[in-house]
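> If you read the protein sequences in the order shown, they are chains W and L.
When the count follows this note's numbering, it moves up by one through the first sequence with no breaks and lands on 307 for the last residue.
When the count follows this note's numbering, it moves up by one through the second sequence with no breaks and lands on 787 for the last residue.
Simulated from the structure, these hints should not be mistaken for laboratory data.
Pairs of lysine-lysine residues, derived as DSSO-like cross-links and limited to a Cα-Cα distance of at most 27 Å, are as follows:
#	chain 1	residue 1	chain 2	residue 2
1	L	Lys675	L	Lys598
2	W	Lys215	W	Lys196
3	L	Lys594	L	Lys675
4	W	Lys196	W	Lys123
5	W	Lys215	W	Lys123
6	L	Lys505	W	Lys215
7	W	Lys196	L	Lys505
8	L	Lys539	L	Lys564
9	L	Lys505	W	Lys123
All values reported here derive from a predicted model rather than from experimental measurement.
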Amino acid sequence: MANVAIPVAAAGAGRRPRYGSMSRDRQWALRWSYFFLVLFAIFFLLPPIYMLITSLKTSAEISAATNPWWVFHPTLENYRELLTSNQYLIFFRNSAIVSVFVVSITMLISVPAAFALARMKFWGSATLATGVFLTYLIPETLLFLPLFKMFAVFNEWTGIQLINRWWVLLIVYPTLTVPFATWIMIGYFASIPKELDEAALIDGATWMQTLTKIFIPVALPGLIAATIFAFTVSWAQFLYPLAFTTSTDQLVLPVGIITTLIKGDVFNWGQIMTGALLGAAPPLIIYAFLMDYYISGLTAGATKG
Amino acid sequence: MVDAAISAPHEVAATRSRSSLRKAMQRKSTVAFFMALPLILLIVLLVIYPALYSLHLATLNKSMERFVGLSNFTFLFNRQTFWLVVKQSCIFAITAVVFKALIGFIVAHFVHNIPAKGQRKWRGMLLVPWVIPPAMSTLAWLWLFDPSYSAFNWVLAIFGIDPVPWTGDAYWARFSVILVNIWIGAPFFMIMYLAALKSVPEQLYEAAEIDGANWWQRMWYVTLPMMRNIIAITALFSLIVTFANFDIVRILTAGGPIDMTHVFATWSFRVGIEGGDIPLGASVSLFMVPILAIAAIFILRDITKRGSEV
Numbered sequence: 003m004a005n006v007a008i009p010v011a012a013a014g015a016g017r018r019p020r021y022g023s024m025s026r027d028r029q030w031a032l033r034w035s036y037f038f039l040v041l042f043a044i045f046f047l048l049p050p051i052y053m054l055i056t057s058l059k060t061s062a063e064i065s066a067a068t069n070p071w072w073v074f075h076p077t078l079e080n081y082r083e084l085l086t087s088n089q090y091l092i093f094f095r096n097s098a099i100v101s102v103f104v105v106s107i108t109m110l111i112s113v114p115a116a117f118a119l120a121r122m123k124f125w126g127s128a129t130l131a132t133g134v135f136l137t138y139l140i141p142e143t144l145l146f147l148p149l150f151k152m153f154a155v156f157n158e159w160t161g162i163q164l165i166n167r168w169w170v171l172l173i174v175y176p177t178l179t180v181p182f183a184t185w186i187m188i189g190y191f192a193s194i195p196k197e198l199d200e201a202a203l204i205d206g207a208t209w210m211q212t213l214t215k216i217f218i219p220v221a222l223p224g225l226i227a228a229t230i231f232a233f234t235v236s237w238a239q240f241l242y243p244l245a246f247t248t249s250t251d252q253l254v255l256p257v258g259i260i261t262t263l264i265k266g267d268v269f270n271w272g273q274i275m276t277g278a279l280l281g282a283a284p285p286l287i288i289y290a291f292l293m294d295y296y297i298s299g300l301t302a303g304a305t306k307g
Numbered sequence: 478m479v480d481a482a483i484s485a486p487h488e489v490a491a492t493r494s495r496s497s498l499r500k501a502m503q504r505k506s507t508v509a510f511f512m513a514l515p516l517i518l519l520i521v522l523l524v525i526y527p528a529l530y531s532l533h534l535a536t537l538n539k540s541m542e543r544f545v546g547l548s549n550f551t552f553l554f555n556r557q558t559f560w561l562v563v564k565q566s567c568i569f570a571i572t573a574v575v576f577k578a579l580i581g582f583i584v585a586h587f588v589h590n591i592p593a594k595g596q597r598k599w600r601g602m603l604l605v606p607w608v609i610p611p612a613m614s615t616l617a618w619l620w621l622f623d624p625s626y627s628a629f630n631w632v633l634a635i636f637g638i639d640p641v642p643w644t645g646d647a648y649w650a651r652f653s654v655i656l657v658n659i660w661i662g663a664p665f666f667m668i669m670y671l672a673a674l675k676s677v678p679e680q681l682y683e684a685a686e687i688d689g690a691n692w693w694q695r696m697w698y699v700t701l702p703m704m705r706n707i708i709a710i711t712a713l714f715s716l717i718v719t720f721a722n723f724d725i726v727r728i729l730t731a732g733g734p735i736d737m738t739h740v741f742a743t744w745s746f747r748v749g750i751e752g753g754d755i756p757l758g759a760s761v762s763l764f765m766v767p768i769l770a771i772a773a774i775f776i777l778r779d780i781t782k783r784g785s786e787v
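Using the sequences and the hints given, assemble the complete structure.
Printed below as a string of structure tokens:
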């Protein structure tokens with residue numbers, strides 16, 4: 003049957019087989035795409051999965067010469083121990099307080115500033131917008147030493163101790179979050195049609211009312227993206243807390259795990275991985291639920307503005 | 478009469494000046510300035526001032542009592558570790574950014590290739606390394622690289638390959654640091670490139686196909702020119718972040734073995750905070766400025782250019 007059909011098709015329409023081969027090419031391209039995507043997904047997800055595997059093991063199983071990629075005797079002992087350890091809960095609390103405050107401070111500073119820069123031109127506003135962007139490009143590794151010395155001098159002058167207090171982080175984290183949050187909010191605000199705020203002003207709204215009643219509701223996706231950004235940055239920051247805080251009751255999560263769970267040369271890997279996984283959980287959960295906002299914030303820095 | 482005549486202009490002037498003050502307060506530019514004031518204060522007090530202050534610090538001696546001019550810099554120039562740090566920082570940043578860009582580009586193409594309804598899921602999975610705080614994920618890598626229990630070495634042993642000293646040997650340690658860097662940064666490139674790929678109009682590809690362009694030609698003459706801007710900006714962004722990176726090296730190797738993986742950030746921390754020599758540490762970190770400045774200038778040029786196009 004098939005033998006009969008082929009010559010007919012070939013004779014009937016010369017171009018037909020080419021279409022067939024092209025769609026076959028496409029199918030192969032698709033298969034290869036999936037194949038490589040699986041490979042890359044394994045590479046990208048391996049460390050977090052291994053964190054989970056290790057966190058479910060006892061110390062005895064970790065040091066045994068068995069297959070490290072499999073859990074033979076799963077246990078939640080590591081989780082129980084960490085979640086009842088006062089110290090770990092203090093780190094978690096410090097991190098949570100710092101992040102919530104930093105997010106609030108960031109939004110309070112950057113939303114009005116972005117509105118002013120996007121809509122109400124004033125002397126030097128264009129320079130300031132560029133300056134905001136440049137500030138975002140200054141890494142924390144350049145500023146931690148002068149800031150450290152500044153806080154020490156501040157202590158000499160006023161007697162207010164900033165070093166080794168968790169709230170010093172409330173002062174320094176906004177330098178990382180505010181510039182970028184302002185920058186992406188400028189982009190979102192600038193994309194709102196001018197007619198909208200002109201209409202509000204004609205109706206007698208003040209600038210503050212225009213911001214709170216029109217711009218914030220309309221640019222809500224941008225606001226959420228900026229909030230997520232501020233949260234993830236302040237949750238993940240490692241250098242500033244490592245340099246500025248040392249007492250165990252002042253540490254935030256990343257520094258706390260690294261300085262207290264690693265005791266001398268003894269690594270309790272089960273607990274370290276559990277701590278790291280729990281520390282990674284809040285950003286991961288936010289990402290899982292608000293992925294689109296997260297990604298729009300990520301791409302906004304370079305595609306908007 | 479006289480009294481009234483005298484007092485009247487006075488009063489008028491007073492109300493006028495008060496109302497002009499109120500007017501000035503209600504003027505658009507004044508309101509705008511006050512709205513931006515916290516931002517300006519933050520940038521001036523906590524970014525610009527410390528940046529200038531570190532220039533000043535770099536000219537002091539260790540106890541920060543005496544002005545020593547440029548002797549911190551000449552001291553660094555005569556130290557071999559400093560040149561090692563310069564070399565390693567450049568190697569790390571360039572290698573890592575090139576591979577991040579390559580992997581990001583390739584993965585973005587694969588994600589773009591598959592049917593649209595599955596893309597979200599894959600994109601979501603592939604961005605996970607970027608979402609986990611770097612300090613946490615580097616700990617997982619440290620455990621994967623553990624000298625006695627390395628899970629990678631266990632797999633290699635199945636194939637009869639000798640254990641690899643992931644963080645013990647200087648060259649392997651450099652490789653490991655770069656690998657972790659790529660792992661964390663590649664998803665960011667993937668997301669940016671995917672967004673750029675989606676913005677290339679489909680008609681351009683159809684037109685190219687009708688003109689008989691093959692896959693490479695479509696890539697070279699359509700995709701790359703359309704994405705040029707995003708590729709440049711993403712790479713420059715990443716160059717800054719990678720060059721100034723602290724977390725990965727600090728946690729994975731802490732600069733060892735024998736300073737063979739130190740970069741500017743980790744070495745200035747070692748010297749400035751742990752060694753207690755803040756001026757010397759500040760001098761070390763100041764050497765990042767030229768490269769950061771060059772990258773920043775290029776980014777700014779691209780962004781303002783795009784701004785004027787719109």
